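A.B. asks: Please take these sequences and the hints and turn them into a complete structure.
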Amino acid sequence: MEVGLHDFFAERVARLTDRLYGTALRLTRNSDDAEDLVAEAVAKAWAKLDELGDPQSFDAWIQRILTNTFVSDWRHRRASPEVAMEPEPEDDEGEPFSLFEKLHQPFLLWWTTPEEEVISKLLREDMERALDALPDAFRIAIVLVDVQGYSYGEAAKLLQIPIGTVRSRLARARAQLQRALWQHAKDARLLNRHLSAKAQNA
Amino acid sequence: MPKLTVSCEEVLKHLVAYLDRETDAHTTAEIQRHLEECRGCFSRAEFERRLRAQVRAAGSRPAPERLRARIKKLVEEF
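If you're matching them up, the sequences are chains R and G in order. Quick note, the first sequence lines up with residues 1 to 202 if you use the working numbering. Quick note, the second sequence lines up with residues 1 to 78 if you use the working numbering.
Just to be clear, a hint being listed does not mean it is correct.
[Claimed, not checked] Once the Cα atoms are required to be at most 30 Å apart in a straight line, the calculated DSS-like pairs of lysine-lysine come out as: (1) G:Lys-13 - R:Lys-102; (2) G:Lys-73 - R:Lys-121; (3) R:Lys-48 - G:Lys-13; (4) R:Lys-121 - G:Lys-72; (5) R:Lys-44 - G:Lys-73.
[Unchecked claim] Pair ranges (Cβ atoms, derived): (6) R:Phe-8 - G:Pro-62: 20 to 26 Å; (7) G:Thr-27 - R:Leu-5: 41 to 47 Å; (8) R:Arg-75 - G:Val-16: 21 to 27 Å.
[What the hints assert, rightly or not] Chain R stretches covered by chain G per the calculated footprint, using a threshold of three residues with CB under 8 Å from any CB of chain G: (9) 10-23; (10) 65-76.
It is worth saying that the hints were derived from the structure and are not from the lab. Owing to the predicted nature of the structure, the values given are computational and were not obtained by experimental measurement. For each residue, glycine too, the CB sits at the ideal point set by N, CA and C.
C.D. replies: Structure below.
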């Protein structure tokens, strides 16, 4: 074993552990499973370190190993008749929903820039909760594209679904996510008191 | 002010793909130019960008000490 290579690997992994764990947590929604997934990804990454071309791309490379490991296992479980899984979502784009449009209603624009107000008050926990509430197929699409930066084509290849299905899942996932955030903005009164009262009926 | 070559409706139609870096070079350039000139569309694009940044931020979380120790031990054994 090359000492330099081992040190490089150890240092990079230590620096990336929060990111790997956060992504694993979003994918699995369970801290024990997330820890196992990170450990599995690290072991796989070490085993195929000679496949890493450019050391500069290590971060993205190990993130992909983690994601691929999860998706491969998820697809396998989906195919198993013994395991009860969420039903496959429809491929249409569903009912569109835009948080921006909700916040841009005339009465909300009288006194403030409501989108600024809401986005600056959203806590990480609010976003995590909204993401975790998404069905598996939608949440995975968002994690691949928005968190990991996959293209539609890369996500389609990994999930073994058509690009159009990736696009429709993303559209539905984002609509559902923004709807949940809008509900949260109203419930938690992220807009000021007067505007929140009006928004309850919007 | 130069005349915008694409309408707000067109920009809105392609905004999601644009933010996902899935538009072709021509459409990307047209939308960029529109966003430089149109405050309404710029605000919307910025809002969507910031929301995505928050989604991305949800992909990182301080790892528990237990996991850090487990990974350290695992890597030492390699």
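A.B. asks: Each hint: holds or not?
C.D. replies: Going through the hints against the structure:
| no. | hint | verdict |
| --- | --- | --- |
| 1 | G:Lys-13 - R:Lys-102 | holds, 18 Å |
| 2 | G:Lys-73 - R:Lys-121 | violated, 39 Å |
| 3 | R:Lys-48 - G:Lys-13 | violated, 42 Å |
| 4 | R:Lys-121 - G:Lys-72 | violated, 36 Å |
| 5 | R:Lys-44 - G:Lys-73 | holds, 15 Å |
| 6 | R:Phe-8 - G:Pro-62: 20 to 26 Å | holds, 23 Å |
| 7 | G:Thr-27 - R:Leu-5: 41 to 47 Å | holds, 43 Å |
| 8 | R:Arg-75 - G:Val-16: 21 to 27 Å | holds, 26 Å |
| 9 | 10-23 | holds (count 10) |
| 10 | 65-76 | violated (count 0) |
Hint compliance for this structure: hints 2, 3, 4, 10 are not met, and every other hint is.
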